[in-house]
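Engineer: Here is what each chain is made of, one letter per residue.
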Amino acid sequence: NAGVTQTPKFQVLKTGQSMTLQCAQDMNHNSMYWYRQDPGMGLRLIYYSASEGTTDKGEVPNGYNVSRLNKREFSLRLESAAPSQTSVYFCAISRSENEQFFGPGTRLTVL
Amino acid sequence: EDQVTQSPEALRLQEGESSSLNCSYTVSGLRGLFWYRQDPGKGPEFLFTLYSAGEEKEKERLKATLTKKESFLHITAPKPEDSATYLCAVQAVELKLSFGAGTTVTVRA
Chain A
1 NAGVTQTPKF QVLKTGQSMT LQCAQDMNHN SMYWYRQDPG MGLRLIYYSA SEGTTDKGEV
61 PNGYNVSRLN KREFSLRLES AAPSQTSVYF CAISRSENEQ FFGPGTRLTV L
Chain B
1 EDQVTQSPEA LRLQEGESSS LNCSYTVSGL RGLFWYRQDP GKGPEFLFTL YSAGEEKEKE
61 RLKATLTKKE SFLHITAPKP EDSATYLCAV QAVELKLSFG AGTTVTVRA
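Respectively, the protein sequence lines represent chains A and B. Here the first sequence stands for residues 1 to 111, numbered as in this note's numbering. Here the second sequence stands for residues 1 to 109, numbered as in this note's numbering.
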């Protein structure tokens, strides 16, 4: 997972609380992504950013917002957390259509 | 809608016992098929990209192949360190990957 860092590594929230997951890269890739991974399901795309200044919805965007702060950083915000958002969240990066490289993940539990 | 199905869900192998994992897909216009390895508690690690039917890629004990409807990941003479979950993903729309649920491989010494 070299080149992609995620903070925090673990987080426990109560229903209704808000938080921001941070992702940063040092590989100078244009595109950045947020996924969630749940048991028995594949990784599902929440939002992505093709380049600095642009963001687009993925497969499961409801309940989330994102910010592409600059080329290095892409954050994911939960405004009012729900138990259904308990998951492992991964940030990924890529150079256009090439393979995506993933960060180590953030394990989020919403009580 | 893109669909990716991986089988089996779990595979238990004896060290040295070769086997294959399957990834079948339904997409309208394949731009690429990707294989990843994921260890417990870690992010997926890129292994291969395949772009067209008939293409093959190899890395150590792993070989990936692609047809028009499926991909196989062959593990030859596996070792315990090959134990992991293997993920398959397809790209039909620019930048977007659709992942299968994965195959968890356990190799016993």
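It is worth saying that the hints were derived from the structure and are not from the lab. For clarity, every value in this text was computed on a predicted model and none was experimentally measured. Among the clues, some could well be false.
As the list claims (entries may be wrong) - Covered, in the sense of this in silico footprint (three residues per stretch, anywhere, with C-beta under 8 Å from a C-beta of chain B), are these stretches of chain A: (1) 12–19; (2) 44–53.
To be verified - Restraint-style ranges between C-beta atoms, simulated for each label pair: (3) T15/A x T76/B: 31 to 41 Å; (4) T106/B x T15/A: 30 to 40 Å; (5) K68/B x V12/A: 39 to 49 Å.
All C-beta atoms, glycine included, are put in the ideal place defined by N, C-alpha and C.
Engineer: Are T106/B and T15/A spaced within 30 to 40 Å by their CB atoms?
Structural biologist: holds, 36 Å
Engineer: When I compare C-beta atoms, does the stretch 12–19 of chain A have three or more residues closer than 8 Å to chain B?
Structural biologist: Coverage by chain B is violated for the stretch 12–19 of chain A (0 residues, Cβ < 8 Å).
Engineer: Just tell me: holds or violated, for the beta carbon distance of T15/A and T76/B against 31 to 41 Å?
Structural biologist: violated, 49 Å
Engineer: Has the hinted range 39 to 49 Å been met by the Cβ atoms of K68/B and V12/A?
Structural biologist: holds, 46 Å
Engineer: Count residues of the stretch 44–53 of chain A with a Cβ under 8 Å from any Cβ of chain B, then say if the count reaches three.
Structural biologist: holds (count 4)
Of the numbered hints given earlier, the model fails hints 1 and 3; all others are met.
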